[in-house]
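Chemist: My numbering applies: residue 228 is where the sequence shown begins, and numbers increase by one.
It should be emphasised that the hints constitute simulated quantities derived from the structure, not laboratory data.
Be careful, since some hints might not be right.
No more than 25 angstroms apart at the CA atoms, straight line, and that leaves these computed lysine-lysine pairs for BS3-like [what the hints assert, rightly or not]: (1) Lys-358 x Lys-241; (2) Lys-303 x Lys-341; (3) Lys-241 x Lys-389; (4) Lys-389 x Lys-253.
Quick list of simulated restraints, FRET-style, between CB atoms [as the list claims (entries may be wrong)]: (5) Gly-273 x Leu-431: 38 to 48 angstroms; (6) Ala-334 x Glu-555: 20 to 30 angstroms; (7) Gly-446 x Ser-267: 47 to 57 angstroms; (8) Ser-445 x Asn-363: 48 to 58 angstroms; (9) Met-228 x Lys-359: 23 to 33 angstroms; (10) Gly-446 x Glu-385: 34 to 44 angstroms; (11) Ile-562 x Pro-444: 17 to 27 angstroms; (12) Lys-557 x Glu-466: 26 to 36 angstroms.
All C-beta atoms in this analysis are idealised placements derived from N, C-alpha and C, irrespective of residue type, glycine included.
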Amino acid sequence: MIGLALLGAGRMAKVHAEAISAAGAKLVTVFDVIEAAATSLAQKAGASAARTAEEAFSNPEVTAVLVATSSDTHVKYVIDAVEAGKAVMCEKPLAPTLSEAQQCVDALREDAGKVFLAFNRRFDPGHAAVKKAVENGEIGNLEQLTITSRDPYPPPLEYIPKSGGLFRDMMIHDFDMARWMLGEEPSSIHSRGSCLVDPEIGKLGDIDTACVTLVTPSGKQAVILNSRRTAYGFDQRIEAFGSAGMVMSDNPNATGFRRFSNTSFGAPDRFRAFFMERYGDSYRLEIEAFLNGLARGQSASVNAIDGLRAVYLAEAAGASLRLGKAVELKPNCEITWQ
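With these hints in hand, go ahead and build the complete structure from the sequences.
Modeler: Listed below in structure tokens is the structure:
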């Protein structure tokens, strides 16, 4: 059995610890800069607590490392773990900025394709079914893609200044999903953003409502819609439209219950509350994909280069919003804006 070291003991680390257990893998040790947090999570998971990341890397039972620390430490821990000879899975984003993400990929060189990036939504059964249908030609040629991602409520205001902004913090998943579904790199991006949920978010320099359009060299279009708030739960949908039809991944509701009466026709119960309820299966499935690829000696199905490209799109979206116009995108992640 492959033994894992988990770096981090915060919210996402706890999600990954549960997914590791659900996947039948072994969590060997946990490290966090807050020792009490590492000890608490380790005890719950039946693992040891490491005092340093180096101690976790040197544990003879550890074959792989899962990095789920704060995003500003991802690059350091990813590089250190690779240099220690460990397989690595890293929570998104790869890095907070494009320059740091590029530095990471450059430092990793040929190992960049082996570092697994935790874009878990690729492993959601509904989203994966849409991707398979597109690849199998079930809708003919893909022409338009619509991705809707709306949170049930905004994050605490104190989180906003350190979040990296909506494009990096929230839409980063959708940028990866768009690239994956489109099957080619977009050549332009145009973003619009507003503060419609909470004006205090705007005062902190961010937006809470956004619409982004991506266009590929062949003319395919992708529209991404984000909001920090809904009145009806976590809204996560993908629609792929093509020359021969359309497929979509819809919201599973909380109970599977639907109501039929003279006042409603098939009205569903409230959608699942938030990301863990909505994407719970995907966290387990991505861990399984990481471990299965490792056991077979395969490159990561979603890797550090994908992480770099997602950060590139997030930075380009911010530039487009600031400039008030579409900006050109390059396959090598070159900055084309000022």
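Chemist: What hints, given by number in increasing order, does this structure fail?
Modeler: Going through the list in order, the structure violates hints 1, 4 and 8 and respects the others.
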